[in-house]
Amino acid sequence: MTFLFFFIFAGFALAGAAGVVVLRNPFYCVLSLVVHLISLALLFLLLEAQFVAVAQIVVYAGAVMVLYVFVVAYVGGGDKPDQLWSASWRQKALAIGFATLIFIELAIAILGTALSSLGTEGAKLSATYGTPAQIGELLLTDFLLAFELASMLLLVAAIGAVALAGRRGGIAEDEGNLSPRHGAVDTPSPAATGSMAEGVSGYGVTTPLPEPQFEGRELEQPVRAAAEDDR
Amino acid sequence: MSINWYLLVSAIIFSLGAAGVTIRRNPLVILLCLELMLNAGNLALIGFSRMWGDGAGEIFAIVVMVIAACEVAIGLGIIVALYRRRLPVDVDELKDLHG
Chain A
648 MTFLFFFIFA GFALAGAAGV VVLRNPFYCV LSLVVHLISL ALLFLLLEAQ
698 FVAVAQIVVY AGAVMVLYVF VVAYVGGGDK PDQLWSASWR QKALAIGFAT
748 LIFIELAIAI LGTALSSLGT EGAKLSATYG TPAQIGELLL TDFLLAFELA
798 SMLLLVAAIG AVALAGRRGG IAEDEGNLSP RHGAVDTPSP AATGSMAEGV
848 SGYGVTTPLP EPQFEGRELE QPVRAAAEDD R
Chain B
143 MSINWYLLVS AIIFSLGAAG VTIRRNPLVI LLCLELMLNA GNLALIGFSR
193 MWGDGAGEIF AIVVMVIAAC EVAIGLGIIV ALYRRRLPVD VDELKDLHG
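In order, the protein sequences belong to chains A and B. Under my numbering, think of the first position of the first sequence as 648, with each following residue one higher. Under my numbering, think of the first position of the second sequence as 143, with each following residue one higher.
In short, the hints are calculated from the structure, not lab data. Keep in mind that this is a model prediction, so the values were computed, not measured. Ideal Cβ positions, reconstructed from N, Cα and C, are used throughout, including at glycine. A few of these clues could be false.
What the simulated footprint calls covered on chain A by chain B, stretch by stretch (three residues with Cβ under 8 Å from a Cβ of chain B suffice, anywhere in the stretch; the number is not a length) [what the hints assert, rightly or not]:
hint	region
1	668-681
2	769-779
Incomplete in silico selection of chain B near chain A, CB under 10 Å [stated by the list, open to error]:
hint	residue
3	A160
4	G189
5	W194
6	F202
Listed next, with one range per pair, are the computed distances between beta-carbon atoms [to be verified]:
hint	chain 1	residue 1	chain 2	residue 2	range
7	B	R227	A	T778	44 to 54 Å
8	A	F650	B	E235	20 to 30 Å
9	B	M143	A	G744	54 to 64 Å
10	B	D234	A	A754	23 to 33 Å
11	A	S773	B	R227	46 to 56 Å
12	B	L236	A	F650	42 to 52 Å
13	B	E235	A	A810	16 to 26 Å
14	A	G709	B	I220	20 to 30 Å
15	A	S773	B	E235	50 to 60 Å
Could you put the whole structure together from the sequences, leaning on the hints where they help?
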């Protein structure tokens, strides 16, 4: 029974991993990684590491993947979604050869250890193996220094992420000459743009709409030009 | 259930991740493939921990997860900063790293 579950979960994990590498759209890559992570958590359960399995689902498949989905939605897939297939043949051949070499080396290492001669079921486990109680006790006794260093690292990474991705100087400077408050009070919007004030006053319903005026330019152009000037 | 099966799956996932890091050009997908490699390491660590009957391998795996979370936060921050400055989100076109 364990054997059957192992092959099902391992199959899903490998399919998810292959999907991350092969799929063209980054959003589908993220979804494929979620499948992979959940299958790995189930494999951890088969190895009786309950706490790590739950942490994998909550932290990885939950929090980290939500962060990925947000960034993919924000940045977008890029203008050229077929990054994998537009790579040059030489690069593809080198990469696949490199990965094959790594796999061969790992396979030799695994087969060379004679681990299989130790018996298949592993050590006798204590009743508390893999429970939060055991993990917590280990973290606060034997691995206290690693625990504290990991918490410091998380703090530094959080500060670094805010410093890297945060807006500097506010929205007005960052977004060029887009008006930050395009409201009726500060900068009245042009006529016939469907603002709330127009809707209340019945503009366009009781009065005829004027012809749209573009003043001979696209809306995007001043923003792009300002961006070019910044660079 | 021999540990060799788990190690084999771990080795395949690690190789797939390495291939992805070297083939793909979108930094977001490169980060995803790095996650694959870290998770392959986690699977091997948990497998060793189960065979040894000791909890130390699980602590290693948890620390690896913490480090992966930090890497994701910083990496995604860099990608968002690239996007803000209207630089191309493509590692082949990011040849010069100055200012």
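Taking the hints in turn, this is what the structure says about them:
{"no.": "1", "hint": "668-681", "in the structure": "holds (count 5)"}
{"no.": "2", "hint": "769-779", "in the structure": "holds (count 7)"}
{"no.": "3", "hint": "A160", "in the structure": "holds, 5 Å"}
{"no.": "4", "hint": "G189", "in the structure": "holds, 6 Å"}
{"no.": "5", "hint": "W194", "in the structure": "holds, 6 Å"}
{"no.": "6", "hint": "F202", "in the structure": "holds, 9 Å"}
{"no.": "7", "hint": "B:R227 - A:T778: 44 to 54 Å", "in the structure": "holds, 48 Å"}
{"no.": "8", "hint": "A:F650 - B:E235: 20 to 30 Å", "in the structure": "violated, 48 Å"}
{"no.": "9", "hint": "B:M143 - A:G744: 54 to 64 Å", "in the structure": "violated, 33 Å"}
{"no.": "10", "hint": "B:D234 - A:A754: 23 to 33 Å", "in the structure": "holds, 32 Å"}
{"no.": "11", "hint": "A:S773 - B:R227: 46 to 56 Å", "in the structure": "holds, 54 Å"}
{"no.": "12", "hint": "B:L236 - A:F650: 42 to 52 Å", "in the structure": "holds, 47 Å"}
{"no.": "13", "hint": "B:E235 - A:A810: 16 to 26 Å", "in the structure": "holds, 24 Å"}
{"no.": "14", "hint": "A:G709 - B:I220: 20 to 30 Å", "in the structure": "holds, 23 Å"}
{"no.": "15", "hint": "A:S773 - B:E235: 50 to 60 Å", "in the structure": "holds, 54 Å"}
Violation of the numbered hints given earlier is confined to hints 8 and 9; the remaining hints are satisfied by the structure.
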